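A.B. asks: Here is how the chains run, residue by residue.
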Amino acid sequence: MRRASRTIMFSLMTFLLAGSALTGCSGNSGNKEAAPSTDSSTEAAAVTYPIKTDKTLTYWGALPNALTGVRSEHAEVPFYQEWQKQTGIKVDFTAPPTNQIDESFNVMLASGELPDMLEYNFFGFPGGPEKAIKDGYILELNDLIDKYAPNYKKYLQEHPEVEKMVKTDNGSHYAFPFIRGDESLLTFQGPVIRKDWLDELGLPVPETIDEWTATLKAFKEKKGAAAPVSFVGKPRVFNELGNGAFVGAFGVTRDFYLEDGKVKFGPAEPGYKDFLSLFRQWYAEGLLDKDVATVDSKVMDANITSGATGATWGNSGGGIGKWTPIIKEKDPKASIIAAPYPVLEKGTTPKFGQRDYFMSTGGMVAISATSKNAELAVKLLDYGYSEAGNRLFNFGTEGVSYTLENGVPVFTDLLMNNPEKLAPAQAMSLYIRGNTMGPFVSDKGVSEQYLNLPEQQEAVATWQKTDMAKYQIPLVTPTPEESAEFANIMADVNTLVDEMTLKIILGTEPLEAYNGYLDKLNSVKLSRAIEIKQAALERYLQR
Amino acid sequence: MMQAENGLKNKAFDWMINTALILLVIVTLYPLLYVTFASFSESSQLVANKGFLFKPLGFSLDAYKSVFSNPGIIKGYGNTLFILVVGVTLNLFLTAVAAYVLSRRNVMWNNLFTFLIIFTMFFHGGLIPLYLIVKNVGLIDSLWATIVPFAVSTFNLIIMRTSFSAIPESLEESAKIDGANHLTILFRIILPLSKPVVAVMILYYAVEKWNAWFYASIFLKDRNLFPLQLVLREILIANSTDNMSTGASSADQFMIGETIKYATIIVATVPILVVYPFVQKYFEKGVMIGAVKG
Amino acid sequence: MSKLAPMSGYKTTASHNSFKQRFIRDFKLNKLLYFMMIPVLLYYVIFHYAPMYGAVIAFKDFSPMKGIIGSDWIGLQHFKDFFSSYYFWRILKNTVVISVYSIIFMFPAPIILALLINEVRHQAFKRVVQTVSYMPYFISLVVICGMITDFTNSNGVINSLFSLFGYDGAAMLQKPGLFRPVYILSEIWQKIGWESIIYIAALAGIDQEQYEAARIDGASRLKQMLYITLPGILPTITIMFILRMGNMLNVGFEKIILLYSPITYETADVISSFVYRKGLLEFGWSYSSAVGLFNSLVNLILLISANYISRRVNKSSLW
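Protein chains in written order, with the numbering used here: chain A, 684 to 1226; chain B, 3 to 296; chain C, 2 to 320.
Errors might be hidden in some of the hints.
As the list claims (entries may be wrong) - Footprint (simulated), chain B over chain C, 3 or more residues, beta carbon under 8 Å:
#1 90 to 97
#2 123 to 130
#3 159 to 171
#4 176 to 188
#5 215 to 224
#6 270 to 280
Stated by the list, open to error - No more than 25 Å apart at the CA atoms, straight line, and that leaves these computed lysine-lysine pairs for PhoX-like:
#7 973(A) <-> 52(B)
#8 77(B) <-> 1013(A)
#9 1055(A) <-> 768(A)
#10 1203(A) <-> 81(C)
#11 21(C) <-> 11(B)
#12 52(B) <-> 224(C)
#13 973(A) <-> 81(C)
#14 137(B) <-> 1055(A)
#15 127(C) <-> 176(C)
#16 67(C) <-> 1186(A)
#17 67(C) <-> 850(A)
#18 11(B) <-> 127(C)
#19 773(A) <-> 903(A)
#20 176(C) <-> 814(A)
#21 77(B) <-> 906(A)
#22 192(C) <-> 197(B)
#23 1013(A) <-> 906(A)
#24 67(C) <-> 137(B)
#25 738(A) <-> 52(B)
#26 81(C) <-> 52(B)
#27 738(A) <-> 956(A)
#28 814(A) <-> 768(A)
#29 817(A) <-> 773(A)
#30 1055(A) <-> 224(C)
#31 814(A) <-> 850(A)
#32 197(B) <-> 905(A)
#33 1208(A) <-> 224(C)
#34 192(C) <-> 13(B)
#35 94(C) <-> 1186(A)
#36 878(A) <-> 738(A)
#37 878(A) <-> 52(B)
#38 1186(A) <-> 224(C)
#39 956(A) <-> 81(C)
#40 11(B) <-> 1104(A)
Derived by calculation from the structure, the hints in this document are not laboratory data. Keep in mind the model is a prediction, meaning the values are calculated, not measured. Glycine residues also receive a C-beta, built at the ideal position from the N, C-alpha and C atoms.
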């Protein structure tokens, strides 16, 4: 029973996580700045592709979800065929079943038969990537990169802020990561609102909290919206607050953030109480969804598309992209647009907003400690960071998946309007990795063609205007010893925070109860968690 | 007088029971109806819907087309059928034999055996040791890996043993006098007397095999061996709207996910639902006693 | 297993003999039985006992690469972490309360259904009831919980129905006091038919002559049900009950996390859902293994106790 429940837990966990920021941004791509492959390296010998070799490498990694039912093996996917052809290296792929990645990974490690390359989130590895190296799972790549990965090395030299990110505290390289090649690819989520309702009511797009209150009131009174603003409460209630939507107006987030070099935890800061007070008032006035604690993505879809809800927080793809066609079907004038992150005073720049890191924790490929072909594997993986490789990963093969128009790659109908009736996401996954993740630098040209609604294009620009870069804690890692302690503390802390937040907003407890919760947060050693974060931050800055 | 009074009482009794059961039928039928209607609905209308469904919203077979266009589905049915037929046969044989042994009185080690078997319901080594065992016995990437490691269900074994224990010993006496051995007693006397419990075992094991996907996903690497549920799970996950928060703009793809969720349930559920009516006839009153007399 | 069987002669005499003599005697008598048991015992040894060493990861800092044996010992650390969690007592209490509720309300439901179905005289109707009532068991939890949430939301059907009787109309799943009733009732809704099957099968084994005798005595149908039918399936009920006791701490997390929210944590958060949330932060095989071990230990103790009591009280027990 224990076995069953644990394994179910794993899969459900991944299932629920699937919507979170980990995969949140995979619809993006590459960078034109990527280094040309030959003239780059000073230390590293230039590699000419295709390489002549008769060795076959082994590679373990999941197939993109969109390919389920389209192709069942890497070998049948044109992209992987082309990658082997262009590099001259034969690769034997193994794919774990969709959503069974963690279990498959663990039994593979236990069975002791490791392939040369592993596509897996080693950043999230229990104890961190440094531990994965120490425990003998994967190779430290520093020397190999110096010798055999001129393209990747050149990219890092040109982007020192990325270089800091892709290494461990000890300075070890542990994988060839997926890198977002442009600032605009970091942001893809934020507040959204019904533009047609605003126009009809003669209201501007709300910027301040007061304007939001007025707008929501108008939605309720004049548009009959039963739940003017609503948020998905699964898997975590007010999930979005971590990024600072609404709560950010009061100078805090629901998560850790950085201010004046100090790590702070939002819910323990005074601004959080003001935020609770606002949402409490919204709830009491019926502006915030009455059922807010139980809203899942299905209910949210129904609320938005049926006009019960006029504002929420969403993705450019999974939100705006999903809802727009449905509401337009009913009313051609209807549209959902991005609203800026709310502030208290008009004209100020929002302090927080959703902003991902340049390095993604998904899509990275490491080389196993037992590999006998590490050098060749490095050469294969380095290709993704070369100019030719960048094209291949982002746009595929010229004449097949893209054509050059004025020097800019444009996707063909094979991808965007597939003759076999494949959805663009599916057709793309056959020829490129630009719409998912992998060992390369993504190019914004992909998402510009992929997210093709004007509302989606504008959204990124709107949401991007925050000071998040200043307040964001970089991708730090606790030490292996601290990571379990941190998880233990945070399990209690998050439970407390969620309970307090909801109970005060829904009016089960008075606003003053907040102070009592502060004491409870102290008693579960929040300060120790902050300490661990702070120490990790300092180690990061030392890198 | 008393007869009449009882007749009246019995009528009221019947009336009450029937009403209660009709209500139950309505309430329990609804989920399947909902799923059926949803699976045939237009996805855009379904997404916008809240509350009851009394008929499909619009009509669309897109979800089914999408599910059946997956080449793994037919193979999946085939694999599941193999696992079901072979697996349940093995399950039944081993469970019946063990249940018979454990139901014998005056066998010195039976209590210990029973305890040791029940103990396994509580303590496991977890996934990795099991994987290593399955690997060492050479079953990885074979359909047998989904059958042999699950050859006996302890829960089912206990139920069958309890049922065997309830059979009066007197019924075996004549056979014993004739010098029949244990196998003969089990297959000629005990099993024919236990049709209801055998039917329950077939149902329990069949449903378990039908729904199993987790170990298949770990023990099988060759996609041609995937059972139906594993194939469907992949379809479901690939189409889950949550997963599509990747920035894709293809709305049709998002939305079909909602109807596909229901179509996969229908595809996965209907065949196993059909089993029950066949099993049911063994639950008729007096099956057992009839067998004894006959 | 019934302990009412008359002791056969050999045992009474043999019991005076030494263990060794009994052993030999028993083996000679039951050789074939032991022989028949070999395949099943082998199965349990290979697929259950051989992997059981894996449970030690509860006391280790498990690293798949080092393997179960090679991982470092850290003693009771995971247990300490679990027991010293701020919410340990709350999640333990919630787990037990939900389990006890479900034993009180959920356990008898399929028995009652089986008894009712048994009284139906119209054969076709009987089959329809059986077949239909077991269907919801096959619908995935996500869909079932979606319906539950939908029906109990502020404008949901069930909510509206209760509002007629003075309910205040707030979403039921946002009320800590209503979480458990909603959980248990929906559990009955989904599983009553499926779980009644075992009892319906047991009913088939009741001697029909008893009913005839009762009818001649003029016993009402209700009386027949209470004095013939119910005792007839009592052994099955007992066994199911003992097994249920051994499940006390296993309240699955899937349904809980689909229905709960922080507003209902105080009544809804159970051990498995807490471990699940912790797993979102950092998944620890060892930690969840330690929690599992704790659950199993408690469950096993409860099962042994239930078995012991049952053996004393109504002479039927697992061993």
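A.B. asks: Hint by hint, work out which the structure violates, then give me just those numbers in ascending order.
C.D. replies: 1, 3, 4, 6, 8, 11, 12, 13, 15, 16, 19, 20, 21, 25, 26, 27, 28, 29, 30, 32, 33, 34, 36, 38, 39, 40
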